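Novice: Chains H and Y are the protein sequences, given in the same order.
The opening position of the first sequence corresponds to residue 3 in my numbering, with each subsequent residue numbered one higher.
The opening position of the second sequence corresponds to residue 22 in my numbering, with each subsequent residue numbered one higher.
FYI, nobody ran anything at the bench for these hints, they're computed from the structure.
Heads up, some of the hints might be wrong.
[As the list claims (entries may be wrong)] Computed footprint of chain Y on chain H; a stretch qualifies when at least three of its residues, placed anywhere within it, have a C-beta under 8 Å from a C-beta of chain Y:
| no. | region |
| --- | --- |
| 1 | 72 to 79 |
| 2 | 122 to 128 |
| 3 | 145 to 158 |
[Unchecked claim] Beta-carbon label-pair distances, calculated as ranges:
| no. | chain 1 | residue 1 | chain 2 | residue 2 | range |
| --- | --- | --- | --- | --- | --- |
| 4 | H | ALA602 | Y | LEU47 | 25 to 33 Å |
| 5 | Y | LEU47 | H | SER78 | 38 to 46 Å |
| 6 | H | GLY472 | Y | LEU47 | 56 to 64 Å |
| 7 | Y | LEU47 | H | GLN269 | 40 to 48 Å |
| 8 | H | ASP83 | Y | LEU47 | 26 to 34 Å |
| 9 | Y | ALA32 | H | VAL377 | 40 to 48 Å |
| 10 | H | GLU580 | Y | LEU47 | 31 to 39 Å |
| 11 | H | PHE424 | Y | THR24 | 33 to 41 Å |
| 12 | Y | TRP45 | H | SER78 | 17 to 25 Å |
| 13 | H | ILE707 | Y | ALA32 | 36 to 44 Å |
| 14 | H | VAL377 | Y | TRP45 | 26 to 34 Å |
| 15 | H | VAL461 | Y | LEU47 | 36 to 44 Å |
| 16 | H | GLY84 | Y | ALA32 | 29 to 37 Å |
Bear in mind the structure is a predicted one, so any value in this text is a computation, not a measurement.
Backbone N, C-alpha and C fix where the C-beta goes; we use that ideal spot for every residue, glycine too.
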Amino acid sequence: MSCCAPGAEFDATQAAIPSDEELLLASRSLGNGKRQVELALPAVHCAACIQTVEHALCDLPGVEAARVNLSTKRVSVKWRDGQLPPITSTLTRLGYAPNLFDEAIAGRDGTMSDLLRAVAVSGFAAGNIMLLSVSVWSGAEGATRDLFHWVSALIALPALFYAGGIFYRSAWSALSHGRMNMDVPIAIGVTLAYAMSLYETINHGSHAYFDASVTLLFFLLIGRTLDHMMRDRAREAVIGLARLAPRGALVVSEDGARDYRPVEEIQPGMRVLIAAGERIPVDGRVLDGRSDLDRSVVTGESAPVLIAKGDMVQAGTLNLTGPLTLEATSTATSSFLAEMIRMLEAAEGGRARYRRIAERVSALYAPVVHLTAFVTFLGWMAYGGDWHQALTIAIAVLIITCPCALGLAVPIVQVVAARRLFEAGVMVKDGSAMERLAEADAVVFDKTGTLTLGRPRLVGAERIDPAVLGLAGSLAAHSRHPLSLAIAAETGGDATRFDDVTEQPGYGVEGRADGHVWRLGRAAWATGAKGDGTVLARDGVEVARFEFEDRLRAGARDTVAEAERTIGPVEMLSGDSEAACARVAASLDIERFRCGMLPADKVARLTELSLSGHRVLMVGDGLNDAPALGAAHVSMAPASAAEVGRNAADFVFLRESLAAVPLARDIAVRAGRLIRQNIAIAIVYNAIAVPIAILGYVTPLIAAIAMSASSIIVIANALRLSPSREAKAETAQTGTVVRATRPA
Amino acid sequence: MSTLLYLIPVALFLGGLALVAFLWALRSGQYEDLDGAGERILIDDEEPGKRATPKHR
Chain H
3 MSCCAPGAEF
13 DATQAAIPSD
23 EELLLASRSL
33 GNGKRQVELA
43 LPAVHCAACI
53 QTVEHALCDL
63 PGVEAARVNL
73 STKRVSVKWR
83 DGQLPPITST
93 LTRLGYAPNL
103 FDEAIAGRDG
113 TMSDLLRAVA
123 VSGFAAGNIM
133 LLSVSVWSGA
143 EGATRDLFHW
153 VSALIALPAL
163 FYAGGIFYRS
173 AWSALSHGRM
183 NMDVPIAIGV
193 TLAYAMSLYE
203 TINHGSHAYF
213 DASVTLLFFL
223 LIGRTLDHMM
233 RDRAREAVIG
243 LARLAPRGAL
253 VVSEDGARDY
263 RPVEEIQPGM
273 RVLIAAGERI
283 PVDGRVLDGR
293 SDLDRSVVTG
303 ESAPVLIAKG
313 DMVQAGTLNL
323 TGPLTLEATS
333 TATSSFLAEM
343 IRMLEAAEGG
353 RARYRRIAER
363 VSALYAPVVH
373 LTAFVTFLGW
383 MAYGGDWHQA
393 LTIAIAVLII
403 TCPCALGLAV
413 PIVQVVAARR
423 LFEAGVMVKD
433 GSAMERLAEA
443 DAVVFDKTGT
453 LTLGRPRLVG
463 AERIDPAVLG
473 LAGSLAAHSR
483 HPLSLAIAAE
493 TGGDATRFDD
503 VTEQPGYGVE
513 GRADGHVWRL
523 GRAAWATGAK
533 GDGTVLARDG
543 VEVARFEFED
553 RLRAGARDTV
563 AEAERTIGPV
573 EMLSGDSEAA
583 CARVAASLDI
593 ERFRCGMLPA
603 DKVARLTELS
613 LSGHRVLMVG
623 DGLNDAPALG
633 AAHVSMAPAS
643 AAEVGRNAAD
653 FVFLRESLAA
663 VPLARDIAVR
673 AGRLIRQNIA
683 IAIVYNAIAV
693 PIAILGYVTP
703 LIAAIAMSAS
713 SIIVIANALR
723 LSPSREAKAE
733 TAQTGTVVRA
743 TRPA
Chain Y
22 MSTLLYLIPV
32 ALFLGGLALV
42 AFLWALRSGQ
52 YEDLDGAGER
62 ILIDDEEPGK
72 RATPKHR
């Protein structure tokens with residue numbers, strides 16, 4: 003036993019584990035007869051996990067090296083070409099179910115190392131220039147001062163080009179699109195400060211602002227790097243989750259040869275084999291075989307559907323019990339999945355129109371600051387007529403107002419907030435999502451997979467004779483059907499008790515024990531008589547009957563009540579039947595719900611709500627919710643959601659409990675309050691500092707003290723965003739419960 | 022004044038050394054897995070023969 007509880011922290015997903023063919027498809031050749039693949043392992047989180055995984059993989063034949071990255075929760079495996087080592091099955095056996103992820107989305111764009119390098123360079127320059135400046139302030143005179151200024155100018159120049167480049171590029175792209183952002187005043191202020199200081203240095207002047215321009219870059223880059231780090235981390239955690247769309251499928255050609263092909267190469271008319279437990283790669287028609295299909299991720303219906311020859315199946319659905327042969331009817335790009343992505347893109351308009359607080363402030367701030375500096379210049383020209391003095395004072399105004407505190411005010415709060423959310427298992431995509439969540443005033447929940455787990459649970463097990471229940475559990479352990487899984491989970495059946503166990507796709511499981519034939523499944527099939535429901539039968543005689551209900555997600559009731567109280571009206575939209583919806587709505591005290599909704603209906607309902615003035619928070623998981631997630635003002639999805647939904651959502655929560663919703667809202671609201679406070683602090687600072695600058699009393703020493711002090715106050719204020727006491731207690735509590743119920 | 026002529030270059034050189042060391046560490050992938058590096062000190066090197074080789078890129 004270790005401290006680890008594989009999978010405990012994460013919402014269990016019903017996704018299939020990647021097959022060896024998929025793994026091979028995802029791997030890349032290193033050229034020297036070796037191949038490498040990267041797998042996401044969401045369950046690793048301590049030294050013992052690292053050791054277990056690396057040792058087990060290195061012991062496999064053919065594996066050259068295996069290295070776990072704990073920060074990104076990934077393992078990179080290198081092996082010699084030829085025989086593929088049993089990587090996925092080994093990892094699954096150890097309890098670390100691996101997931102493949104999309105390299106394209108995961109691709110490190112290198113921004114992080116660029117930022118770190120820029121921080122290092124500007125930090126080096128800032129430190130050294132500050133040392134020289136301190137000597138100047140403490141009284142270096144004449145030739146010594148000039149020497150110090152020249153050395154400072156030399157150090158500042160590369161820092162300005164290298165570290166400042168980030169701001170120059172961003173400012174330029176904003177200006178060339180006719181917009182204004184915080185980087186514009188930063189870029190102008192820094193450049194003018196350097197130019198003026200250089201002029202002063204050449205003319206043996208006493209005031210040089212090299213330290214101000216470089217420390218400003220240094221502070222701002224730290225804020226930006228932290229921001230990027232947080233977002234990277236959230237993104238990596240999200241893309242590491244299970245994929246619901248398969249990468250490829252087994253295609254049968256005319257001459258009967260079987261070939262594993264990537265999904266993109268599958269054309270209409272091709273014959274595709276789907277094993278039990280695999281997801282359907284493209285829309286198609288069943289040519290052969292019968293099975294139960296879990297369509298919950300597509301339609302929101304929780305009950306599996308029986309399919310047989312001639313039925314149409316949609317990409318993304320899960321084939322549960324029997325093998326199928328399909329004829330593809332569309333390509334991957336025109337499948338249901340792709341259709342959802344298109345609807346999603348069309349629906350995302352509302353969110354793109356949202357302007358972040360920082361943008362709104364900077365749109366006002368930059369013109370005001372530049373105007374003030376210009377008026378100061380004109381004023382001093384009129385007063386004294388000395389253009390050099392007027393220009394020096396005008397630039398001092400620009401430096402003192404350079405939005406150091408303002409540039410940090412927003413990102414630093416969002417970094418701290420994202421960190422708090424991360425600790426609670428909630429990933430946030432970016433800062434604007436947090437601002438939008440704080441504004442939400444209505445909540446829409448999806449039913450299946452969101453309010454409920456989308457997994458049935460056996461009810462009334464205590465009314466059934468334990469011996470019979472044990473028998474049913476043993477039989478159920480042979481099947482992947484969700485109802486069988488529910489029975490097996492309730493009884494923990496021993497799979498070895500029966501002989502000759504066969505699964506009849508679409509009907510149930512059959513086995514022999516002590517000369518009797520036992521059947522577990524649809525009543526009509528098990529007993530040979532008419533009837534509904536799920537029963538256990540011995541030699542055709544009903545022995546026990548099983549009832550199921552979809553299990554509610556932990557904390558669903560409290561969450562709905564709290565959302566109603568703190569956010570606004572709660573509504574439930576579902577693709578499921580009226581009866582199922584009414585039952586869930588009643589048990590959760592939801593007054594407004596709509597059932598049988600298609601993806602487009604959900605989007606329409608959200609549009610309707612937003613037209614009536616609501617800012618809607620949408621919480622959903624299915625493929626059918628993806629467009630609605632995109633259309634909502636702000637959206638959340640559980641980790642078990644389809645990738646499209648996860649990518650569309652602003653927040654993804656990794657733990658099972660829905661308590662993440664009010665928690666995230668609480669943090670977002672408090673973060674919003676702190677951001678406004680920070681902006682107020684920055685404005686107060688300006689209100690005090692600007693008059694001093696306009697009157698011409700600012701020296702480099704005063705500028706350095708004022709800027710550092712305002713930045714530190716803003717950062718200290720952001721750090722006040724500590725978890726509230728109730729939230730802390732709740733996290734601790736759920737943490738223990740989750741760990742206590744870990745799977746063996 | 023004359024002391025400055027060699028003290029400033031020395032100070033800059035030492036600072037530059039730290040900068041180069043940081044850039045080298047960044048390039049050699051030492052910032053790729055900060056959490057893992059912290060946990061790995063708890064793992065004993067029991068098998069000197071076959072074990073995970075550090076990844077450099």
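Novice: Each hint needs a verdict: does it hold in this structure or not?
Specialist: Status of the hints after comparison with the structure:
1. Taking a C-beta to C-beta cut-off of 8 Å, the region 72 to 79 of chain H contributes 4 residues in contact with chain Y, enough for the three needed, and the coverage statement holds.
2. Requiring three or more residues with a Cβ within less than 8 Å of a Cβ of chain Y, the coverage given for the region 122 to 128 of chain H holds, as 3 such residues are present.
3. Counting residues of the region 145 to 158 of chain H whose C-beta lies closer than 8 Å to any C-beta of chain Y gives 5; at least three are required, and the coverage claim holds.
4. At roughly 49 Å, the beta carbons of H/ALA602 and Y/LEU47 sit outside the given window of 25 to 33 Å.
5. Take Y/LEU47 and H/SER78: their Cβ atoms lie about 19 Å apart, and the range 38 to 46 Å is violated.
6. A beta carbon spacing of about 59 Å between H/GLY472 and Y/LEU47 agrees with the range 56 to 64 Å that was offered as a hint.
7. For the hinted restraint 40 to 48 Å between Y/LEU47 and H/GLN269, the CB-CB distance of approximately 46 Å keeps it satisfied.
8. Restraint check, H/ASP83 to Y/LEU47: a C-beta distance of roughly 32 Å satisfies the suggested window 26 to 34 Å.
9. In this structure the supplied range 40 to 48 Å holds for Y/ALA32 paired with H/VAL377, their Cβ-Cβ distance being about 42 Å.
10. The beta-carbon spacing between H/GLU580 and Y/LEU47, approximately 59 Å, falls outside the hinted interval of 31 to 39 Å.
11. Between H/PHE424 and Y/THR24 the beta carbon distance is about 51 Å. The supplied range of 33 to 41 Å is therefore violated.
12. In this structure, Y/TRP45 and H/SER78 meet the distance hint of 17 to 25 Å, their C-beta atoms being roughly 22 Å apart.
13. A hinted range of 36 to 44 Å is violated for the C-beta pair H/ILE707 and Y/ALA32, which are about 23 Å apart.
14. Between H/VAL377 and Y/TRP45 the beta carbon distance is about 49 Å. The supplied range of 26 to 34 Å is therefore violated.
15. Between H/VAL461 and Y/LEU47 the C-beta distance comes to about 57 Å, which lies outside the given range of 36 to 44 Å.
16. In this structure the hint that H/GLY84 and Y/ALA32 lie 29 to 37 Å apart at CB is violated, the actual value being about 57 Å.
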